[in-house]
Amino acid sequence: MSDATATLAVTAAPTPSSKDDGARRRQVLILVAVCAVIALLLFAVTDVYLQNVLILTLMYAALSQSWNILGGYCGQISLGHALYFGVGAYTTSYLFAGYGILPWFGLVLGGVLSALLALVLGYFCFRLKGHYFAIATLVIAEIGLLLVHNSDTLGGALGIQWPFAADGWATMQFARNKLPYIYLALALFVVTWVATYVIEGSRWGFWWRAIKDDSQAAESLGVEVFRSKMAAAGVSAFFTAVGGAFYAAFVAYIDPDSVMSFRFSLLFCLPAVLGGIGTLWGPAVGALILIPVTELTRSYLGGSGSGLDLIIYGGLIMIVALARPEGVLSLFGGAGKGSAR
Amino acid sequence: MTVESFFQVFASGLLMGLLYALIAVGLSLIFGLMDVVNFAHGEFLMAAMYATFGLWALTAIDPALLIPAATALLFGFGALVYMGVVRFAMRARTNAAMVQIFATFGLGILMQGVAQYFFTPDYRSITDSWFGNSTVDVAGVFLPVPQLFGAVISVLAFVALYLLMSRTDFGKALEATREDQGAVALVGIDRDRVFALGWGLGAALVGLAGGVLAIFYYIHPQVGGAFALIAYVVVALGGFGSVFGALAAGIIVGLVEAFAAVLMPPSMKAIAVYSLYLAVVFIRPSGLFGRL
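First to last, the protein sequences are chains C and X. The numbering of the first sequence is the working numbering, which starts it at 1 and goes up by one. The numbering of the second sequence is the working numbering, which starts it at 342 and goes up by one.
It should be emphasised that the hints constitute simulated quantities derived from the structure, not laboratory data. What you are looking at is a predicted structure, and each value in this text was computed from that prediction instead of being measured. A few of these clues could be false.
To be verified - Quick list of simulated restraints, FRET-style, between CB atoms:
1) X/ASP510 with C/ARG298: 45 to 55 Å
2) X/ARG434 with C/ALA166: 48 to 58 Å
3) X/ARG434 with C/ARG24: 23 to 33 Å
4) C/SER151 with X/TYR558: 23 to 33 Å
5) C/VAL112 with X/ALA567: 29 to 39 Å
6) C/GLN216 with X/VAL479: 50 to 60 Å
7) C/LEU331 with X/GLU520: 30 to 40 Å
Stated by the list, open to error - Computed footprint of chain X on chain C; a stretch qualifies when at least three of its residues, placed anywhere within it, have a C-beta under 8 Å from a C-beta of chain X:
8) 144-151
9) 268-280
10) 308-314
No residue lacks a Cβ here, since even glycine has one placed at the ideal position from N, Cα and C.
With the hints as constraints, model all of the structure from the sequences given.
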């Protein structure tokens, strides 16, 4: 089975068949339809709280898609992506609050720094396998969190407050109206989706899936395993940091625990796992289920401190993991299935 | 650093390290048996602490005497978790590692919620016990009695575990199952039963550690997190599945933490432990005593 997939990876990589072309074109149509639905939603959803939920859902769909590039397609389960999220958030906030440099520059710079960091860490981590890899990523993210906590330059435990700025696209600050943040979050989602879509059809995409299925078989057939993993880590970290920059602009105040705690690493994997790991639409479907449920249970049950929100959240994760190992998306057969394996 | 303070730091690091080893060994045992990492391990510890606290609050019996009860409760709970959750997670044909990670993660979050539901998020502590806040003076080195008690329990537990693994039929069945899961069925060993007992044993060991920890540590629903991370580091450092590795790595982590706390700014002690772990696994990817 895995040998067959690996062979496919090598032979089919340069020229995807025309049947695949049709399936892939359908994916783009689905994206256009989804964007149209969200555009219509903008007129229906005027409540600020619901707008918030929509922004977070789109943002986590994008972030989970970024995680999916490394975790889903390439099969390297990272439990430390909060580190890259933090790099994006802190680079942007530090440059804007300290030097007045517009967040757009911070966003790009944070993404590049984060990708470089992922390459350095990947150089060491990719020699670890399975659970050893997952735990190493968890520990590295924790070291990052502790370092930021102890860094006076980055505001230590107090974090960085964004200075007041007039509303505008240049500074990404919109105090009165949430609508621009929805556009930005939607753009973030579309960009990560398109990046994944392009990579999925490229030689890299085939290589990653071959590595995920059986890295030894892939290697013996000429797939450059180490370089492929490094590329996946770099791309994944870049988009995660861009998401972090967006989040920092959105909340306008960050501290170590509010952008780099383990909670975030978990929130990046979970939508992909719930929706369907290593698929084009899995992270979005997962985020659409998970984020509204957690936000709503947190606001209606979490305030009481009774723990019911955690019971529902944990129970949901457990049940979906056990009941649908392939993710919720697999219930619908057709859509996105072609890209699943 | 004077000679006295060196021994003082060494002793407190050793005591804490033995407790870390006891917290971690159940995790390593379960992994060695069936290649499953329990990501709710910290919450198992938290459950044992609350079990001890709850029984103490109800009965006013000294917590040291309640430790066997907490251990037994966790044994049953561990077996139940295998039968109710892990058994199904292992059936997954696709994304097997992912399913195990997130099924146990979900369980951990659910357990935090249940703890919060019954005990509120407040910090609790056992306010009176025989071992209280006393210390003993051993040749000029002051040892906190609860930690000393914990270290003795840990050493006894490791001796008992060694005897169990090497001298009993159950130990042999565990060893045989970890060697070859298919073949043991042929000689009449019920794989599910061995796995359930293995989970029971692993949970009982962390139950023992939780009972000890409850005597001198604050108890709250999120208490498992910090200890769980140390337990993963200990297990990965020692080598997944290696009982002896967990003991050695636990002591190493305890000592490094104790010396780092004295020699570096206090906030850096966790970084020292994590960095040491990373340095070791980057050189030896399967840990100090791993079999992989």
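Consistency of the hints with the structure:
Between X/ASP510 and C/ARG298 the beta carbons are some 50 Å apart, a value that agrees with the proposed interval 45 to 55 Å. Between X/ARG434 and C/ALA166 the C-beta distance comes to about 56 Å, which sits within the given range of 48 to 58 Å. Distance hint for X/ARG434 and C/ARG24: a CB-CB separation of about 26 Å, consistent with the stated range 23 to 33 Å. The beta-carbon spacing between C/SER151 and X/TYR558, approximately 29 Å, falls within the hinted interval of 23 to 33 Å.
The beta-carbon spacing between C/VAL112 and X/ALA567, approximately 33 Å, falls within the hinted interval of 29 to 39 Å. Range check, C/GLN216 to X/VAL479: about 54 Å between beta-carbon atoms, so the 50 to 60 Å window is met. For the pair C/LEU331 and X/GLU520, the beta carbons lie near 39 Å from each other, so the given range of 30 to 40 Å is met. Evaluation of the coverage hint for the segment 144-151 of chain C: fulfilled, as 4 residues show C-beta separations to chain X shorter than 8 Å, against a requirement of three.
With 4 residues carrying a beta carbon less than 8 Å from a beta carbon of chain X, the segment 268-280 of chain C meets the three-residue requirement, and the given coverage holds. By the rule of at least three residues with a Cβ nearer than 8 Å to a Cβ of chain X, the coverage given for the segment 308-314 of chain C holds, with 7 such residues.
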